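Asker: Protein sequences, first through last, are from chains A and B.
Letter 21 of the first sequence, counting from 1, is numbered 21 in my numbering, and no numbers are missing.
For any residue, its number in my numbering is found by taking its place in the second sequence, counting from 1, and adding 110.
Rather than coming from a laboratory, the hints here were simulated on the basis of the structure.
Please read all numbers here as calculations on a predicted model, not as lab measurements.
There could be a bad hint or two in this list.
What the hints assert, rightly or not - If we take Cβ atoms under 8 Å as the criterion, some of the chain B residues that face chain A in the derived model are: (1) 137; (2) 139; (3) 141; (4) 150; (5) 152; (6) 171; (7) 213; (8) 215; (9) 218; (10) 225; (11) 226.
To be verified - Straight-line Cα separation of at most 16 Å, EDC-like style, residue types lysine to aspartate or glutamate; simulated pairs: (12) B:180 <-> B:140; (13) B:193 <-> B:148; (14) B:167 <-> A:5; (15) B:119 <-> B:140; (16) A:71 <-> A:15; (17) A:1 <-> B:169; (18) B:193 <-> B:134; (19) B:180 <-> B:134; (20) A:97 <-> B:148; (21) B:181 <-> B:134; (22) B:119 <-> A:39; (23) B:180 <-> B:164.
From the three backbone atoms N, C-alpha and C, an ideal C-beta is built for every residue, glycine too.
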Amino acid sequence: KNQVEQSPQSLIILEGKNCTLQCNYTVSPFSNLRWYKQDTGRGPVSLTIMTFSENTKSNGRYTATLDADTKQSSLHITASQLSDSASYICVVSAGDKLIFGTGTRLQVFP
Amino acid sequence: DGGITQSPKYLFRKEGQNVTLSCEQNLNHDAMYWYRQDPGQGLRLIYYSQIVNDFQKGDIAEGYSVSREKKESFPLTVTSAQKNPTAFYLCASSMPQGKTGWNSPLHFGNGTRLTVT
């Protein structure tokens, strides 16, 4: 069964600290992996899309990694800001389908 | 400024009534999608359309209907047959997906929160 699991479910950090969110998937066939940021009450916004051959991809303070062998991805946020408070959703493309994770809820406090 | 507009942001309806959610895009995208988001669950695909006048059922199409008469518009009707219609509905668009799968990024609207009592 195609599945995308994210951990932790929720996370609280202080402003300025770094954090790492995890995504494990069991999806076949694999096309690409995406990370989205969703602010409360808003639609998701794309952060990165990674294909099979890409190990690392950065978008400002966000860095995504992909290990296709272990079927794991991580999203690292550096020097967190209050505006990073959001849900982060991992999405894996499996052939003609997109499989969505349930997200990690990140709260950044001053 | 290109984007996707969903309206209204909040919608309240009585059980048994049909309701239509609006989705308009000016990104010149061929493909449009409707997703449903419930607490603790990943987004689930309701319907999608790759081209005008054509649309396909997604994973949870029962109780929903759509039309695609214009490239820019993809309205979703939640019918009285939908057993649990209260949810956050998201519309998205993208360039056409390749034959090998979903390779184009999705652009989402800001959603409509539907509450049915």
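Asker: If you take the shortest Cβ to Cβ gap from residue 226 (chain B) to chain A, is it below 8 Å?
Answerer: Cβ of residue 226 (chain B) sits 19 Å from chain A, so the hint is violated.
Asker: Is the straight-line distance between the alpha-carbon of residue 119 (chain B) and that of residue 140 (chain B) 16 Å or less?
Answerer: Cα-Cα ~24 Å, so violated.
Asker: Regarding the pair residue 181 (chain B) and residue 134 (chain B), is the alpha-carbon distance no greater than 16 Å?
Answerer: holds (9 Å)
Asker: Any CB of chain A closer than 8 Å to the CB of residue 152 (chain B)?
Answerer: holds (3 Å)
Asker: Tell me if the straight-line CA distance from residue 180 (chain B) to residue 164 (chain B) falls inside 16 Å.
Answerer: Roughly 11 Å between the alpha carbons, so the hint for residue 180 (chain B) and residue 164 (chain B) holds.
Asker: Does residue 169 (chain B) lie within 16 Å of residue 1 (chain A) when you go C-alpha to C-alpha?
Answerer: Given that 16 Å is the threshold and the Cα spacing comes to 14 Å, the pair holds.
Asker: Does the alpha-carbon distance linking residue 71 (chain A) and residue 15 (chain A) stay inside the 16 Å limit?
Answerer: violated (30 Å)
Asker: Would you settle whether the hint for residue 141 (chain B) is holds or violated, based on the nearest Cβ-Cβ distance to chain A being less than 8 Å?
Answerer: violated (12 Å)
Asker: Taking only the CA atoms, is the gap from residue 180 (chain B) to residue 134 (chain B) under or equal to 16 Å?
Answerer: Holds: residue 180 (chain B) and residue 134 (chain B) sit about 10 Å apart, inside 16 Å.
Asker: Double-check residue 213 (chain B) for me: the hint is only fine if its C-beta lies closer than 8 Å to a C-beta in chain A.
Answerer: Residue 213 (chain B) check passes; min Cβ-Cβ to chain A is 6 Å, inside 8 Å.
Asker: CA of residue 180 (chain B) to CA of residue 140 (chain B), is that 16 Å or under?
Answerer: holds (10 Å)
Asker: Go through the hint on residue 215 (chain B) and say holds or violated, using the shortest Cβ distance to chain A against 8 Å.
Answerer: holds (5 Å)
When the structure is compared with the earlier hints, violations turn up for hints 1, 2, 3, 6, 10, 11, 14, 15, 16, 18, 20 and for no others.
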